[in-house]
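Protein chains: 4
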Amino acid sequence: MDLRRELQRAHDAARPTLATGRVADYIPALGAADPNAFGLALATVDGEVHGVGDWQTDFSIQSVSKLFTLALALATGEAVWHRVGREPSGTPFNSLVQLETEHGIPRNPFINAGAVVVTDRLLTLTGDAAGAVREFLRAESGNPRLDTDLVVAASEAEHGHRNAALAHFIASYGNLENPVEAVLGHYYAHCAITASCRDLALAGLFLARHGVRRNGGRLLSRSEAKRINAVLLTCGTYDAAGEFAYRVGLPGKSGVGGGILAVVPGRGTLCAWGPALDRAGNSVGAVAALDAFTTATGWSIF
Amino acid sequence: MDLRRELQRAHDAARPTLATGRVADYIPALGAADPNAFGLALATVDGEVHGVGDWQTDFSIQSVSKLFTLALALATGEAVWHRVGREPSGTPFNSLVQLETEHGIPRNPFINAGAVVVTDRLLTLTGDAAGAVREFLRAESGNPRLDTDLVVAASEAEHGHRNAALAHFIASYGNLENPVEAVLGHYYAHCAITASCRDLALAGLFLARHGVRRNGGRLLSRSEAKRINAVLLTCGTYDAAGEFAYRVGLPGKSGVGGGILAVVPGRGTLCAWGPALDRAGNSVGAVAALDAFTTATGWSIF
Amino acid sequence: MDLRRELQRAHDAARPTLATGRVADYIPALGAADPNAFGLALATVDGEVHGVGDWQTDFSIQSVSKLFTLALALATGEAVWHRVGREPSGTPFNSLVQLETEHGIPRNPFINAGAVVVTDRLLTLTGDAAGAVREFLRAESGNPRLDTDLVVAASEAEHGHRNAALAHFIASYGNLENPVEAVLGHYYAHCAITASCRDLALAGLFLARHGVRRNGGRLLSRSEAKRINAVLLTCGTYDAAGEFAYRVGLPGKSGVGGGILAVVPGRGTLCAWGPALDRAGNSVGAVAALDAFTTATGWSIF
Amino acid sequence: MDLRRELQRAHDAARPTLATGRVADYIPALGAADPNAFGLALATVDGEVHGVGDWQTDFSIQSVSKLFTLALALATGEAVWHRVGREPSGTPFNSLVQLETEHGIPRNPFINAGAVVVTDRLLTLTGDAAGAVREFLRAESGNPRLDTDLVVAASEAEHGHRNAALAHFIASYGNLENPVEAVLGHYYAHCAITASCRDLALAGLFLARHGVRRNGGRLLSRSEAKRINAVLLTCGTYDAAGEFAYRVGLPGKSGVGGGILAVVPGRGTLCAWGPALDRAGNSVGAVAALDAFTTATGWSIF
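If you're matching them up, the sequences are chains A, B, C and D in order.
Going by UniProt numbering, 44 is the number at position 44 of the first sequence; the sequence numbering is gapless.
Going by UniProt numbering, 66 is the number at position 66 of the second sequence; the sequence numbering is gapless.
Going by UniProt numbering, 103 is the number at position 103 of the third sequence; the sequence numbering is gapless.
Going by UniProt numbering, 48 is the number at position 48 of the fourth sequence; the sequence numbering is gapless.
Derived by calculation from the structure, the hints in this document are not laboratory data.
Treat the numbers as computed from the prediction; the structure is a model and nothing was measured.
Treat the hints with care, as some may be off.
Label pairs and their calculated CB-CB ranges [unchecked claim]: (1) B/Ser223 - C/Gly266: 20 to 26 Å; (2) C/Gly217 - B/Arg279: 35 to 41 Å; (3) B/Pro144 - C/Asp12: 49 to 55 Å.
With the Cβ distance kept under 8 Å, some of the chain D side facing chain A (calculated, not the full set) [claimed, not checked]: (4) Tyr26; (5) Pro35; (6) Glu87; (7) Asn108; (8) Glu224; (9) Arg227; (10) Thr234; (11) Cys235; (12) Pro251; (13) Thr297; (14) Ser300.
We put the CB at the ideal spot given by N, CA and C, even for glycine.
Isolated chain A (complex conformation) (with noise of 0.2 Å):
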C-alpha cells in the first residue's frame, strides 16, 4: 500500500468538504483561521513521517490537548479515575448538566469539565500542568518551539465564563484541589498550545506503541495505553464520538481549533487539520479526510 498517495487522496476528498464548515469564533484569536487551511499528517510506528497540505503549520491544539494531560496524569498512577468517569456524556462538551445530576464527577475526562479535573490532578502531580504537556509535546515531537500561545490563552481566560462556571460548579462538590483560578489558567495554556499535524502525529505515538515513548521509555502500560484508546474511541470527540467511531472507525481526539488526531494501534498515527467545523464542533475536512483514509486503507479497528 503506498501510503504517500492515500494520503493524497484523503486529502483530495477532505478539501470540497471545507466550505460546509464554520470556523470557531467563541473567541476572537481562534475567529481569524483561515477556513480553507488543510493539511494531514501520517506517523508510523516504524519512523515514517508524511504529510500533505498543510501539514507543517502551527494550530492552536485546544482539546487535543485533553488526550496529553490524562496520558501525563495516569503516567503515575489510577487515582484519577476516582474523580472522573469513563463513560460518554450524551451531552455537548460544555455542558453542566449532567455535572449536577452526578455531584460533581463529569462523565468522562474529554469534556471539558473532566479536563477541569484531570488538569487539577495533572497540577497538583507536577505542579505545572501547562508546563508538563508542553515539555511532554516537544521531546515527542521534536520541536523544541513548540509554545503556548499567550495572546490565545489570554483570549481564552478572558472570554471564559462557561469554563469559570465549571470549574467552580466542580469545586462546591469538593472535587479540585487547586484553587479554581490556577486550574484553569493551566488548562487554557495546554488548550492554546499551537503545534502542527506532524508534531501532534509525532506526539501521538506512545498510544500507537502502546505507551512506549520516542525515546524507547515506557510512558505508560500496554493494558493502560489500549485503555486510553478505549476511551478516546467512545469520548474523544465530543457527543459525536458514536458518529466519528461509524464513520472513521479509529480512537481519536479533536478540538476547536480544527485538529484530530488519531490512532491506529500498533500501526501509527494519523493528524488532521481544517479549521472549519461542524455543528458538533469537529472539523469538517479533517473527519472527511480520516473516514476517506480508513474507508480506502481498511485500517479501522473493526
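Starting from the known structure of chain A, fit chains B, C and D onto it as the hints suggest.
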C-alpha cells in the same frame, strides 16, 4: 379576633415541630444558630406590631433579602423582566440545569440565579445594591442599626463556589452587566444582613399596603405590588412553593437563615423565624406557625 | 361597581387579541373551532349570573375537567395526595421527563400525568369517573343536557399516543390501580365534555363558596376548598402558572378547548372562552379578559 | 496461543465474581435463572468452536437480539438511520427523557427505544420481524430448534408498561410505521428467543467475517459490518459502554438474560453467559471473563 392570642397559639403550635428540622450548615457562620430559637411577629397596615418568642432577636435574613432587591429594582421600571422569568422552576434553588436549557435566563427572581441577575440590575441602577437594600430596610423598620454581618458575608464568599458557578454561567450567556465579582459581593452582602422578625415584618408592609412605604410615599404602583405578591406565592419558597401555598395560603419569602416573611394583602405581614429547616430549605417552625395562624384566622388569600 | 359593564369592557379588551392565537389542532375535532368565538361569564356567590359574547355556546372543556376530578376525588379523603404532588412542574403539561426522575409520582394533579392518576383514583372510588364528573357538572350548572362529545373523545383516543405513553409509564411505577385502557377511557370522556361559560362558572362556584354546593350541601371542608384554590393558582395553567398569577391574580384552570375557569374566593367565578391559544396552551382571549377584569375591579387575591 | 486454555482461565477468573451480581427479576420468568450458571464460548472465522462451563445451556438472549435485528434491517439499506441515531445515550437503557428532548428519534439502536424502532422497520421489511431473527439465528448457528420462549415473551408483555410507554411515545412523534401492539409483540418475541453461548457465538461470526454469512453469502458490505461493530462498541452495553470498552476493548452486545456476545474483528466471536448482573444490567461474570480473556490474549481492538 384577638390577634395577640392567635400569634401565641401559632407560636405554641410551632414549637414542638422544631426538633424535626436541621440548621443550615453550608457555611460555618450559619451552622452556629440555635435550633430551638423561634419567634413570630405581626405588623398590620393600621400600625399595630405584635410579637411572641424570639421576635426581636437578629438573624441572617439570607434569601428574604431577594424580595427587597426585586422590589427596589422594579421601582424604577420593568426592564428586569427581560432578563429573568416569573415561572416556578420546579428545581432546587441553586440548580444550574434549567439555566442551560433556557440560555441564561433564570426562571424567576427568587432562585439564586434569578437573584443574582436582579442584584446585577440593582447594582447598575444604584451603584450600591447591598447599600440600597440596607437603607430601605432601615427606613421601613425604623431600625438604624440594621446592617450586613461581615463575617457571614465573608463566609458565604469563601464557600460560594456554587454561586460563583451560577454567576459565571449567567455571564457566559451575556446576562450580567457588571463584573461577576462585584455582583457576587453585593449578593452576599444583602443576603448577610441581620434583622429581627419585627424589623422584617415592618419592612414588608409596603406589599400589604399595595406599594406604599412607611412614610406614605409610593415605591410601587398598586398593580406592581400585587404582582410581586403573585411571584412570591408561586416562587417564594424554593421548590416547595406549591406546598407553602397549599398549607399557608399567603405570598411569602423564606431564607436559609430560618426566616419567612409572609404578606396578607390589605391587612399586614407576618414574619416567623426558626433556624431548623426542612428538606426544601424552609424553616420548619415558621411554616408550622404560619399554617396554624392562617388556619385559625382564615387569613389565607384563598 | 357595575359588574355587567366591567364584563363588557373585559370582553371588548380581549377581542382584538384573538388574532394572535392559534386553535389547537392536535385532534381534528378541536381544530374545527372558530378562532373568533369569544365569551365571558360571571357567577357570584349571591346568585347573580351575567355573560357577554358567546357565553352560552358549548365548547370542549378539556383540562378544565381536571379541577372537578380533583375535587370529587378529594371529597372522599386525601389519599390521592400520596400518589400525586402539589408542586408546579416547570415543564410542559405532557412531559414525561419529571415522571422518570420522580419515579412515577406526577408533580401535580393538573398536568396530564397527574390528572391520569386522579382519574384512576376517582374510577376506583366511583366505578365511573367520567360519569361522576358529568353528574356533578349537571347538578351544579342546572344543565341536564351537558354531556361528553363522543366524537371528540374518540378522536382523543385515536390520537392519544402521548397520553398512552404517560399512563403506561405511570403504571410501570405501580401508580395505577385500574387497567391503562379503562383509565384513559374515562380520562378522554371527562375531557371531552362540552359545556358553556355559563355552565362552568356555575359549576365552579363551590370553590368560591369554600366547599359548599349549589344545594347547600358541603362537598369539601372550607380548608380543603381553599387548598384546591392554592393548587389551582400554582399549577392550574400549565407551565404559565406564574405568568397567569402575575397578570390575573386568581386561581384558575385552563383547557386546550380555550376555556379558563377562575375563582374569586368568597365572591364568585369567572369563565372565559376563546379557542385561539397562546404558546403555553392557554386561551389568548380568556387570559386577556381576566387580566382586564381583575385590573379594573381589583378582584385579584393579592 | 492455546485458545482452549485461555478460555478455561477466563472462565476460572470469572467464576468468583458471580456472587457480586443479581439476577434480573423484573419479570418472573427471568428471575428463576441460576445465579451460579456460567458459560463461555469462542468461535473463530476458521471454523473452530470451543467452550467451557455452561456454554451449551440455553438462556434468554434478550437484548443480544437487537444486534441481529439491526443487521437484518441494514441488510436491505440504510434507511433506518433516518429514524434512529448512532450516539451513546448517556442514560439508562429504558429512559424516556432523551426521547422527549430529541423528538422521538432514539439515540441509538441498542437502547430499548431504538430497538423498538428497528423492530418496526424490520417488521415493515419482512412482515415477521421476530421470525426473521429466529430464522437467521437458526441458519447461522445450525441449531434448528432455537426458538422464542413463549412463556418469557408473554411475561414481558404482561410486565411491559415501560416498553409500552416508550413505543406509544415514539408513535406520538410519528416514528412508528406499524401499530404499537404489533411492534411490541415482535420486540418481545425476538428478545425472548433462547439460545446457548455456542449458538450466539456462531450466529455473530458474520460480524467477525465483515459481513459474510456461514454459507458464504454476504449479508452486509464490509464497510457496513465494520460500522455495526463501531455502534456495538460505543452503544452495545447500555450506559456502561465506556467501561466495557475500557475493560474489554471489543464490540459487544449484552442482554439482561446475562449473555454478552463480543466480536473480535477478523478473528472470531466470544459469547459469555451468567445471569448475575451488575448495576448497569450487564452480566458480572461475562464482563469479567471477557476482560480476563482479552487481557491475556491481547485480542482487544485497541
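Evaluation of the interface hint that places D/Pro35 against chain A, nearest CB under 8 Å: Violated - the Cβ of D/Pro35 stays beyond 8 Å from chain A, reaching only about 26 Å at its closest.
Residue hint D/Arg227, partner chain A, criterion CB-CB below 8 Å: holds, 5 Å
Given hint D/Pro251 near chain A, where the shortest CB pair must fall under 8 Å: Holds, because the Cβ-Cβ distance from D/Pro251 to chain A comes to roughly 7 Å (cut-off 8 Å).
Outcome of range test on Cβ distance (B/Ser223, C/Gly266; 20 to 26 Å): Between B/Ser223 and C/Gly266, where Cβ atoms are some 21 Å apart, the hint holds.
Satisfaction of the hinted span 49 to 55 Å by the C-beta atoms belonging to B/Pro144 and C/Asp12: holds, 52 Å
D/Thr234 as an interface hint toward chain A, with CB separation required under 8 Å: D/Thr234 check passes; min Cβ-Cβ to chain A is 5 Å, inside 8 Å.
Agreement of hint D/Asn108 with chain A interface, Cβ distance less than 8 Å: holds, 7 Å
Satisfaction of the D/Cys235 interface hint, Cβ to chain A closer than 8 Å: Holds: closest Cβ of chain A sits about 6 Å from D/Cys235, inside 8 Å.
Distance restraint hint 35 to 41 Å, applied to the beta-carbon atoms of C/Gly217 and B/Arg279: holds, 39 Å
Restraint check, 8 Å cut-off on beta carbons, for D/Glu87 near chain A: holds, 4 Å
Minimum beta-carbon distance criterion (8 Å), D/Tyr26 to chain A: violated, 23 Å
Hinted contact D/Glu224 with chain A - closest CB pair below 8 Å: Violated. Min distance 10 Å.
In this structure, the earlier hints numbered 4, 5, 8 and 13 are contradicted, and the remaining ones agree with it.
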